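Chain residues, written in single-letter form:
Number of protein chains: 2
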Amino acid sequence: MAQLIIDSSHFKHNLDLISSHLGSIDKLALVLKDNAYGHGIKEIAKLARDYGIKSVFVKNEMEALMIQDEFEHITALYGSISPTSPTNIYQTIHSIQMLKSISPQRGIELKFNVGMNRNGLEIKQIQQAIQLILERKLKLVGVFSHNGYGDDGGDEMQKQHQTSQEIKEQITYLASKLGFELPRFHFLSSSGALRQEKIEEDLVRIGIASYGYLCAPIPIASKLKPIASLWAHQISKRTLEKEIKIGYSGAGVMPRDHVISTYDLGYGDGLLRLNEHHGRLTCAQGEEILPRMSMDCFSCLSDQEKICVFDNAWKWAEIFGTTPYDILVKLSPSIPRSII
Amino acid sequence: MAQLIIDSSHFKHNLDLISSHLGSIDKLALVLKDNAYGHGIKEIAKLARDYGIKSVFVKNEMEALMIQDEFEHITALYGSISPTSPTNIYQTIHSIQMLKSISPQRGIELKFNVGMNRNGLEIKQIQQAIQLILERKLKLVGVFSHNGYGDDGGDEMQKQHQTSQEIKEQITYLASKLGFELPRFHFLSSSGALRQEKIEEDLVRIGIASYGYLCAPIPIASKLKPIASLWAHQISKRTLEKEIKIGYSGAGVMPRDHVISTYDLGYGDGLLRLNEHHGRLTCAQGEEILPRMSMDCFSCLSDQEKICVFDNAWKWAEIFGTTPYDILVKLSPSIPRSII
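For the protein sequence lines, the chains are A and B, in the order given.
Here numbering that gives the first Met the number 0 is used: position 159 in the first sequence is 158, and no number is missing along the way.
Here numbering that gives the first Met the number 0 is used: position 204 in the second sequence is 203, and no number is missing along the way.
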């Protein structure tokens, strides 16, 4: 049976690198959303808790409940939280409407739009938001934004970071004027945080870098180690001659006389579907995968009983014109995860 | 919260069309593998059972156990079945080795390679396989193959079908000579079965056609109705002017002054990740989706609180150069499914 193996020493290596850059572990919050970017939320949560992480960010209430006992602070980035859920689960506020309807028992984090123009409140809504929070006696735990240019850097990143700083200043001013407790502030995620020399905020939200990847061309990127390797098991094998066709519509063609095996992962398990129009794709040790990928298996020039499909998702990301995030996050939750 | 709505009247319409083509419901076996091609295995299993389906095919033991009480015959196409699992779950045999190790208590189906050169035994291994089955007193429930040219038709499809017929003849001959009960035979799946005028075998395995799709250019394809529509809910909205940038790296650009909303589905939920190099993609009613898609949301020129992302996966398949199967099967199992 296929499996995803998580190397805990690589995970620790990445967290050491990141917290050393931050100057302390206290500012390091982890992003465990979307099944920990496909790595397995329960497995990664345990490793993170053991490392000393206190604050995490997940996709929604369902994910928060899966790890409710592991962390002091769990923020669901999307959706609402039911009244019966534990109080260490916070809800993200994306609109004034949400502030009007949320229960005063639930901790909240305000999300602000600083230029991605995607989710969150606008800076001009700060006063209205704070007024509602005070009137309704809501528990303001945090204030955050997301910088859409972390991977790119440059003026646009600085501009969005500047807007975040303005939000912090305005809320700090209002807190002192109106007498409410300052929330925690966090504006940067992996690329932005690792570009910044000094982190002024209380936290940074580290997702993909902790899993060993970074799309920004900065020195630390090459020091991170991918923590996951994907393994598949042989279903069937046969020796075929050069030019024999395989798979649907005979789209795969044997490049030479060789043993060809099928392995138990396919596009139904979340792999992107290789076809004859993509470039040449190989497994971790260079074993060629022949198109077209099937829903439950792929064909590969190999005789191994167990094959490492990848131990670094960049190769797959490049073949499919996407990011390592996209390759990893799609791995089906039904593939067993194990930690070594 | 996003949801996948399954239209039970469309499902019934498709099964009516297919069983009418087959001449009877008795030959109709359904393929529920990979979470019923992403539609939700438990939900589709209930509809199929109510329709009168007796035999189904699933990916593996885990899926078989999820629907163990619904059908008389459940075949796991891959992996092994543990001794404690119910006896209505059968294991597919892909190699002589598997025949040597399987428990005699477990019903088996022999899979043969008829030219896809992917999984299964070779025709030349029939005698050896039957000998082992008799020696080990194994329960031979079925014999099948998979035609890799069902979508294409033509000589190659006929050739693979002819090889399947030879397998049937050889096993029928051996059954009468050696005195064992004839297994059920099934060689065709959606496209092949719906191309064929008369079905000689005991069963056909219908997957994608029951969900409303067919990649073969045959008349019945246009009569099938997609059974699933994917819906997303608004997270945030704002009115932006023409040329304002949105999303990561500002890759999305407002084509005109308009309200833009984010909706709660992204590439972490199994959607393929739209970027600025793909063609123009729209939701079901023509609302434009702007690149780049995020992990948990997409941005769309719409003010609706709830949007139909698609009610037919062909549009997405075409934009991403893939099949509707691939679009549907990747939909995360955590998206709630509901039947109307």
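There could be a bad hint or two in this list.
As the list makes no split between identical chains, a pair holds if one copy fits it or if it spans any two.
The calculated DSS-like cross-link candidates involving lysine-lysine, where the alpha carbons are at most 30 Å apart (straight line), are [stated by the list, open to error]:
{"#": "1", "residue 1": "K305", "residue 2": "K26"}
{"#": "2", "residue 1": "K236", "residue 2": "K224"}
{"#": "3", "residue 1": "K197", "residue 2": "K305"}
{"#": "4", "residue 1": "K244", "residue 2": "K136"}
{"#": "5", "residue 1": "K41", "residue 2": "K158"}
{"#": "6", "residue 1": "K123", "residue 2": "K236"}
{"#": "7", "residue 1": "K241", "residue 2": "K41"}
{"#": "8", "residue 1": "K158", "residue 2": "K241"}
{"#": "9", "residue 1": "K236", "residue 2": "K11"}
{"#": "10", "residue 1": "K123", "residue 2": "K26"}
{"#": "11", "residue 1": "K167", "residue 2": "K224"}
{"#": "12", "residue 1": "K99", "residue 2": "K236"}
{"#": "13", "residue 1": "K53", "residue 2": "K167"}
{"#": "14", "residue 1": "K222", "residue 2": "K136"}
{"#": "15", "residue 1": "K138", "residue 2": "K222"}
{"#": "16", "residue 1": "K53", "residue 2": "K244"}
{"#": "17", "residue 1": "K136", "residue 2": "K11"}
Read the hints as simulated data drawn from the structure, not as lab findings.
Model, not experiment: these values are computed from the prediction.
Verification of the hints:
no.: 1; hint: K305 to K26; in the structure: neither (40 Å within a copy, 37 Å between copies)
no.: 2; hint: K236 to K224; in the structure: neither (33 Å within a copy, 38 Å between copies)
no.: 3; hint: K197 to K305; in the structure: neither (45 Å within a copy, 42 Å between copies)
no.: 4; hint: K244 to K136; in the structure: neither (69 Å within a copy, 36 Å between copies)
no.: 5; hint: K41 to K158; in the structure: neither (37 Å within a copy, 49 Å between copies)
no.: 6; hint: K123 to K236; in the structure: between (64 Å within a copy, 15 Å between copies)
no.: 7; hint: K241 to K41; in the structure: neither (45 Å within a copy, 43 Å between copies)
no.: 8; hint: K158 to K241; in the structure: between (57 Å within a copy, 20 Å between copies)
no.: 9; hint: K236 to K11; in the structure: neither (38 Å within a copy, 39 Å between copies)
no.: 10; hint: K123 to K26; in the structure: within (28 Å within a copy, 65 Å between copies)
no.: 11; hint: K167 to K224; in the structure: neither (34 Å within a copy, 53 Å between copies)
no.: 12; hint: K99 to K236; in the structure: between (62 Å within a copy, 16 Å between copies)
no.: 13; hint: K53 to K167; in the structure: within (22 Å within a copy, 63 Å between copies)
no.: 14; hint: K222 to K136; in the structure: neither (46 Å within a copy, 58 Å between copies)
no.: 15; hint: K138 to K222; in the structure: neither (39 Å within a copy, 55 Å between copies)
no.: 16; hint: K53 to K244; in the structure: neither (54 Å within a copy, 35 Å between copies)
no.: 17; hint: K136 to K11; in the structure: neither (40 Å within a copy, 53 Å between copies)
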